[in-house]
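2 protein chains.
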Amino acid sequence: MTVKTLDDLFHETVKDLYYAEKKLVKSLPKMAKMATSPDLKSAIEHHLEQTKGHVSRLEEVFGMIDKKPVAKKCEAIEGLLKEADEVVGEIEDTDIRDTGIISSAQTVEHYEIARYRTLVGWAHHLGHADAARILGETLDEELAADEKMSSLAGDEDMRQAAE
Amino acid sequence: MTVKTLDDLFHETVKDLYYAEKKLVKSLPKMAKMATSPDLKSAIEHHLEQTKGHVSRLEEVFGMIDKKPVAKKCEAIEGLLKEADEVVGEIEDTDIRDTGIISSAQTVEHYEIARYRTLVGWAHHLGHADAARILGETLDEELAADEKMSSLAGDEDMRQAAE
Chain H
1 MTVKTLDDLF
11 HETVKDLYYA
21 EKKLVKSLPK
31 MAKMATSPDL
41 KSAIEHHLEQ
51 TKGHVSRLEE
61 VFGMIDKKPV
71 AKKCEAIEGL
81 LKEADEVVGE
91 IEDTDIRDTG
101 IISSAQTVEH
111 YEIARYRTLV
121 GWAHHLGHAD
131 AARILGETLD
141 EELAADEKMS
151 SLAGDEDMRQ
161 AAE
Chain X
1 MTVKTLDDLF
11 HETVKDLYYA
21 EKKLVKSLPK
31 MAKMATSPDL
41 KSAIEHHLEQ
51 TKGHVSRLEE
61 VFGMIDKKPV
71 AKKCEAIEGL
81 LKEADEVVGE
91 IEDTDIRDTG
101 IISSAQTVEH
111 YEIARYRTLV
121 GWAHHLGHAD
131 AARILGETLD
141 EELAADEKMS
151 SLAGDEDMRQ
161 AAE
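As they're listed, the protein sequences go chains H and X.
Take 1 as the starting number for the first sequence in the working numbering and just add one per residue.
Take 1 as the starting number for the second sequence in the working numbering and just add one per residue.
Heads up, none of these hints are tricks.
With a Cα cut of at most 20 angstroms, we get these calculated DMTMM-like pairs of lysine to aspartate or glutamate:
{"id": "1", "chain 1": "H", "residue 1": "K41", "chain 2": "H", "residue 2": "E92"}
{"id": "2", "chain 1": "X", "residue 1": "K73", "chain 2": "H", "residue 2": "E78"}
{"id": "3", "chain 1": "H", "residue 1": "K73", "chain 2": "X", "residue 2": "E78"}
{"id": "4", "chain 1": "H", "residue 1": "K73", "chain 2": "H", "residue 2": "E12"}
{"id": "5", "chain 1": "H", "residue 1": "K4", "chain 2": "X", "residue 2": "E86"}
{"id": "6", "chain 1": "H", "residue 1": "K15", "chain 2": "X", "residue 2": "D85"}
{"id": "7", "chain 1": "X", "residue 1": "K67", "chain 2": "X", "residue 2": "D7"}
{"id": "8", "chain 1": "H", "residue 1": "K73", "chain 2": "X", "residue 2": "E90"}
{"id": "9", "chain 1": "X", "residue 1": "K23", "chain 2": "H", "residue 2": "E78"}
{"id": "10", "chain 1": "X", "residue 1": "K72", "chain 2": "H", "residue 2": "D85"}
{"id": "11", "chain 1": "H", "residue 1": "K23", "chain 2": "X", "residue 2": "E78"}
{"id": "12", "chain 1": "H", "residue 1": "K26", "chain 2": "H", "residue 2": "E49"}
Partial selection, computed: residues in chain X whose CB lies under 8 angstroms from chain H:
{"id": "13", "residue": "T5"}
{"id": "14", "residue": "G79"}
{"id": "15", "residue": "L80"}
{"id": "16", "residue": "I91"}
Listed next, the stretches of chain H that the computed footprint assigns to chain X, with coverage defined by at least 3 CB atoms under 8 angstroms from CB atoms of chain X:
{"id": "17", "region": "7–14"}
{"id": "18", "region": "103–112"}
For the record, the hints were derived by calculation from the structure and aren't laboratory data.
Don't be surprised by glycine CBs; every beta carbon is placed ideally from N, CA and C.
This is chain H alone, in the form it adopts within the complex (with noise of 0.2 angstroms):
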């Protein structure tokens, strides 16, 4: 399609979003099982569980914007994921395997970062406060995952320290 208006923008990037989320919903389950901390694995649960409620929120924007929930093949998601997969695979120790996905997982969230806050000012911008507002609780809980993964890397760092 041809963009025209920031509000074509929008509606694109929603789109990309929408993919994006949903490929999640189906590789933190594949990243979970490569992951040998408990507590790795039960934050990537956490955020599987988080990420499908983003998925549901990303339907009540496009309902906002008067859409039908579309996804558009998001290459940036896919040229991450690829290099997670890549990566992880490469690693035959089980703490290094962790240290690898936890840091995979980051790049995968500030993706998300940039996007969310990128859509929340133009959802402000728009007039769309009813989606700022829920893209803004999204922004949140990735802004958390991130957090939980840096501070899980920090007791991976101890743990490999100790050894």
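Fit chain X to the given chain H structure using the hints.
What follows is chain X alone, placed relative to chain H:
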């Protein structure tokens, strides 16, 4: 290669980021050319100069860990730039295109922020204080570049509101 230790993972991630930064040195001039606002053009050109410095710093980091500078295809940056090209290519209006460029640039910045933050942590953990320091300098520049883009996004919103 097979990753067995945190040293290996650090090395692999530096190779990945070396590919990404070199790719950006090629891509940023195209992005600057697509931009219309002089402020945005100049911000991208300024960041291009910084990015060349990031490539040199990574070469220094390779030296610090006694490795040759070798790039490893970074699927994440490939995906992020493919998405950026697609989004920007679909936009007709120049102001909206600038808004799209800013948004795409921020997804790239955030990828780099996540990667450099992780590398600084690993470098400290591995006792590479010198590498941690110069990677931290790049991290600070990426954070500043992201903030600059956010401030330009605000200017762009005001311009559109005035029309």
